[in-house]
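There are 2 protein chains.
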Amino acid sequence: MARDNNQIILAERPEGMPDKNTFQFVKKDLENVKDGQVLIKTLYVSVDPYMRGRMENVESYVEPFKLHQVIEGGSIGEVLESKSDQYKAGDVVMGMFGWQTYYVAGENEVRQIDLSIAPITTNLHILGMTGLTAYFGLLDIGKPKAGETVVISGAAGSVGSTVGQIAKIKGARVVGIAGSDEKINFLKEELNFDEGINYRTTDDIKADLQRACPDGVDVYFDNVGGEISDAVMTELNRNARVPVCGAISSYNKEEQDIGLRVQQILIKKSALMQGFTIGNYSDRFKEGAKQLGKWLQEGELTYRETIREGFENIPEAFLDLFRGKNIGKLLVKIGEQEYRK
Amino acid sequence: MARDNNQIILAERPEGMPDKNTFQFVKKDLENVKDGQVLIKTLYVSVDPYMRGRMENVESYVEPFKLHQVIEGGSIGEVLESKSDQYKAGDVVMGMFGWQTYYVAGENEVRQIDLSIAPITTNLHILGMTGLTAYFGLLDIGKPKAGETVVISGAAGSVGSTVGQIAKIKGARVVGIAGSDEKINFLKEELNFDEGINYRTTDDIKADLQRACPDGVDVYFDNVGGEISDAVMTELNRNARVPVCGAISSYNKEEQDIGLRVQQILIKKSALMQGFTIGNYSDRFKEGAKQLGKWLQEGELTYRETIREGFENIPEAFLDLFRGKNIGKLLVKIGEQEYRK
Numbered sequence: 492m493a494r495d496n497n498q499i500i501l502a503e504r505p506e507g508m509p510d511k512n513t514f515q516f517v518k519k520d521l522e523n524v525k526d527g528q529v530l531i532k533t534l535y536v537s538v539d540p541y542m543r544g545r546m547e548n549v550e551s552y553v554e555p556f557k558l559h560q561v562i563e564g565g566s567i568g569e570v571l572e573s574k575s576d577q578y579k580a581g582d583v584v585m586g587m588f589g590w591q592t593y594y595v596a597g598e599n600e601v602r603q604i605d606l607s608i609a610p611i612t613t614n615l616h617i618l619g620m621t622g623l624t625a626y627f628g629l630l631d632i633g634k635p636k637a638g639e640t641v642v643i644s645g646a647a648g649s650v651g652s653t654v655g656q657i658a659k660i661k662g663a664r665v666v667g668i669a670g671s672d673e674k675i676n677f678l679k680e681e682l683n684f685d686e687g688i689n690y691r692t693t694d695d696i697k698a699d700l701q702r703a704c705p706d707g708v709d710v711y712f713d714n715v716g717g718e719i720s721d722a723v724m725t726e727l728n729r730n731a732r733v734p735v736c737g738a739i740s741s742y743n744k745e746e747q748d749i750g751l752r753v754q755q756i757l758i759k760k761s762a763l764m765q766g767f768t769i770g771n772y773s774d775r776f777k778e779g780a781k782q783l784g785k786w787l788q789e790g791e792l793t794y795r796e797t798i799r800e801g802f803e804n805i806p807e808a809f810l811d812l813f814r815g816k817n818i819g820k821l822l823v824k825i826g827e828q829e830y831r832k
Numbered sequence: 492m493a494r495d496n497n498q499i500i501l502a503e504r505p506e507g508m509p510d511k512n513t514f515q516f517v518k519k520d521l522e523n524v525k526d527g528q529v530l531i532k533t534l535y536v537s538v539d540p541y542m543r544g545r546m547e548n549v550e551s552y553v554e555p556f557k558l559h560q561v562i563e564g565g566s567i568g569e570v571l572e573s574k575s576d577q578y579k580a581g582d583v584v585m586g587m588f589g590w591q592t593y594y595v596a597g598e599n600e601v602r603q604i605d606l607s608i609a610p611i612t613t614n615l616h617i618l619g620m621t622g623l624t625a626y627f628g629l630l631d632i633g634k635p636k637a638g639e640t641v642v643i644s645g646a647a648g649s650v651g652s653t654v655g656q657i658a659k660i661k662g663a664r665v666v667g668i669a670g671s672d673e674k675i676n677f678l679k680e681e682l683n684f685d686e687g688i689n690y691r692t693t694d695d696i697k698a699d700l701q702r703a704c705p706d707g708v709d710v711y712f713d714n715v716g717g718e719i720s721d722a723v724m725t726e727l728n729r730n731a732r733v734p735v736c737g738a739i740s741s742y743n744k745e746e747q748d749i750g751l752r753v754q755q756i757l758i759k760k761s762a763l764m765q766g767f768t769i770g771n772y773s774d775r776f777k778e779g780a781k782q783l784g785k786w787l788q789e790g791e792l793t794y795r796e797t798i799r800e801g802f803e804n805i806p807e808a809f810l811d812l813f814r815g816k817n818i819g820k821l822l823v824k825i826g827e828q829e830y831r832k
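Going down the list, the sequences are from chains V and L. Numbered per the working numbering, the first sequence finishes at 832, counting up by one with no gaps. Numbered per the working numbering, the second sequence finishes at 832, counting up by one with no gaps.
Fair warning: there could be bad hints in the mix.
Copies of one chain are not kept apart here, so a pair can be met inside one copy or by any two copies together.
[To be verified] No farther apart than 20 Å at their CA atoms in a straight line, the calculated lysine to any residue pairs in the SDA-like style are these: (1) Lys759 with Glu745; (2) Lys759 with Glu547; (3) Lys777 with Thr692; (4) Lys816 with Asp576; (5) Lys759 with Glu563; (6) Lys744 with Asp721; (7) Lys634 with Ser761; (8) Lys557 with Thr793; (9) Lys532 with Met587; (10) Lys759 with Glu506; (11) Lys777 with Arg543; (12) Lys574 with Arg702; (13) Lys816 with Asn804; (14) Lys519 with Glu506; (15) Lys557 with Gln788; (16) Lys759 with Arg543; (17) Lys759 with Arg545; (18) Lys511 with Ile611; (19) Lys511 with Leu571; (20) Lys634 with Asn771; (21) Lys519 with Asn771.
Source of the hints: derived by calculation from the structure; they are not laboratory data. These numbers were taken from a predicted model, which means no experiment stands behind them.
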């Protein structure tokens with residue numbers, strides 16, 4: 492069967508919010524599978540806010556995307572053909588092969604998914620990078636203690652919703668900030684957060700924070716930056732810890748990111764801010780994944796995922812991340828399995 | 492001999508820069524010395540930027556000064572009369588008795604100064620709080636490694652000049668930012684800093700930083716906050732550490748402190764900012780003081796102090812801290828020893 496490889500490439504680097512000119516759909520011939528390689532059919536692709544950073548041509552914690560090359564990102568696929576001893580046709584694998592319908596991978600570029608733990612898509616979120624980001628950012632930097640107050644911005648997102656649940660497991664009071672009543676309900680009703688603040692409808696986020704955090708803020712897990720973080724930073728307690736995970740409010744800004752300077756707060760409160768990315772913890776992924784899997788199987792952790800359909804809808808799904816539409820993890824399903832286990 | 496106690500009290504809380512209405516000179520009768528107490532004649536008082544924070548009636552890391560009470564601060568005095576077994580007349584002691592000519596202290600409110608190590612005034616700076624602030628902030632938070640680049644703002648001040656010398660002892664490349672050519676010369680000629688940047692005369696502090704730090708900034712010891720810190724933060728290397736010690740540029744601001752938001756930088760660089768005050772390290776003061784004394788005696792550390800004369804000149808000396816006039820430590824001598832050892 493002749494298969495075309497459909498790809499989405501980075502057509503130009505966006506200034507501000509990416510748009511239809513940022514992406515281009517192209518068709519490529521598939522390479523032949525050589526020894527030690529596997530042919531993968533992509534089943535699911537992940538769209539994540541950090542990918543916006545890779546569209547810029549500036550040094551960051553991950554390399555910029557190359558112009559006119561396929562957009563890389565976390566993906567799950569099925570092995571259709573294997574010239575590697577490690578894989579056979581029908582195996583389900585994950586890797587960074589990104590926004591394309593097929594990929595010929597070296598055997599070390601992908602890893603097999605354990606199908607016994609949870610649905611395969613969880614490997615792109617709660618058992619994957621977003622779960623690990625929540626796990627290490629909260630526990631290694633935030634270090635919440637029982638009875639402390641943990642505030643999370645972007646709380647209904649994939650990382651934030653996992654952070655809150657882990658903080659609850661650790662006995663903390665958990666307050667989530669999100670942008671719709673539907674999200675707040677999700678946090679309080681489904682994830683058992685203690686309080687939720689809808690930053691889009693509040694008149695006074697500072698007053699809301701003070702009501703939700705009568706004992707102040709001990710840990711602020713920051714996914715958004717911007718004005719929301721300006722407000723939370725003023726409520727920090729002495730010896731507070733701030734894992735700085737994301738600044739989604741600023742990723743598409745063309746101008747400088749101007750707001751509250753934090754230096755005086757940090758001094759007065761002996762507070763810590765630590766920026767991080769999950770790559771810092773690569774030598775501890777196994778530990779994190781094992782614990783996350785255990786909590787998931789024991790019902791201590793849950794998740795929400797939204798699965799869009801169709802290769803052609805990937806760019807729009809990505810842009811929706813910045814429109815605050817999604818609850819939990821947003822994925823796009825672009826292919827069906829041909830083998831079944 | 493009848494002795495009046497002259498005090499400077501906090502007459503009103505300043506908004507913005509303190510002025511003559513902030514302070515009031517008063518005369519008080521001396522209390523009688525009771526059992527377990529000593530009568531102290533003040534010899535030297537310290538003026539420090541952090542005292543500005545205590546003039547506000549807001550929660551901070553130290554209690555606010557009380558209105559109409561004497562301004563507290565580090566002081567050195569001579570015991571004139573002792574009803575404590577621990578002290579005798581002629582002993583030189585230090586404590587927080589502040590801006591007054593005499594003080595009746597409980598025996599545990601003061602501690603004896605070891606006269607064998609260095610001139611007594613060093614106990615108000617390089618062997619005292621400012622030295623310990625430099626020591627713990629740099630070594631416990633900044634953790635400079637040999638060959639790394641350490642940038643210090645407020646570098647010619649008492650803390651900054653000690654930080655730079657300790658960083659040199661640890662083998663780092665040291666770049667100081669200060670506000671006059673005289674200060675820059677002091678840093679480079681007397682303290683052996685590798686580079687100095689005069690922020691008042693530069694046209695482009697970012698370009699100057701890049702020239703002075705061709706390998707980027709691994710540790711930024713921040714004494715000033717404000718625009719200088721905005722500039723240094725953009726030059727941080729991956730895994731950089733920022734001990735946040737002071738924000739003197741902002742202490743007298745009435746409006747909110749608005750500038751560069753640091754969240755994106757912290758994420759991209761996996762960088763750490765940690766606010767601190769020396770009180771956090773009180774259980775390790777002995778360790779720090781011992782090491783500082785050793786370096787001082789071995790000639791590895793040096794210092795500059797400026798000693799003003801006269802009780803009536805204390806407020807003006809304090810205000811000069813915010814005018815960027817002093818190099819090293821600023822003290823005021825307000826009394827002569829009556830006993831000599």
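Taking 20 Å as the upper bound on the Cα-Cα distance, should Lys532 and Met587 be classified as within, between, both, or neither? within (13 Å within a copy, 73 Å between copies)
With 20 Å as the alpha-carbon cut-off, assign the pair Lys759 and Glu506 to within, between, both or neither. between (37 Å within a copy, 18 Å between copies)
Using 20 Å as the alpha carbon limit, work out where Lys557 and Gln788 are close: within a copy, between copies, both or neither. neither (39 Å within a copy, 57 Å between copies)
When no copy is named, should Lys511 and Ile611 be tagged within, between, both, or neither for a Cα gap of at most 20 Å? This pair counts as neither: shortest intra-copy Cα distance 30 Å, inter-copy 71 Å.
For Lys759 and Glu745, with the copy left unspecified, which applies at a CA distance of at most 20 Å: within, between, both, or neither? between (32 Å within a copy, 17 Å between copies)
Give the relationship of Lys744 and Asp721 under a CA distance limit of 20 Å: within one copy only, between copies only, both, or neither. Both: 17 Å inside a chain and 18 Å across chains, each within 20 Å.
20 Å Cα cut-off: does Lys634 pair with Asn771 within a copy, between copies, both or neither? For Lys634 and Asn771, both the intra-copy (17 Å) and inter-copy (18 Å) Cα distances are at most 20 Å.
As a check of your reading, is Lys574 near Arg702 (CA-CA no more than 20 Å) within one copy, between copies, both or neither? neither (61 Å within a copy, 53 Å between copies)
Alpha-carbon proximity context of Lys759 and Arg543, limit 20 Å: Classified as between; 13 Å across copies, 34 Å inside a copy.
Indicate which option fits the pair Lys816, Asn804 if close means a Cα-Cα distance not exceeding 20 Å: within, between, both or neither. within (15 Å within a copy, 63 Å between copies)
Reference check for the pair Lys511 and Leu571, CA-CA at most 20 Å: within, between, both, or neither? Answer is neither; intra-copy 32 Å and inter-copy 83 Å both fail.
When no copy is specified for Lys519 and Glu506, does a C-alpha distance of 20 Å or less occur within a copy, between copies, both, or neither? neither (28 Å within a copy, 68 Å between copies)
Going through the hint list in order, the structure does not satisfy hints 3, 4, 8, 11, 12, 14, 15, 18, 19 and 21.
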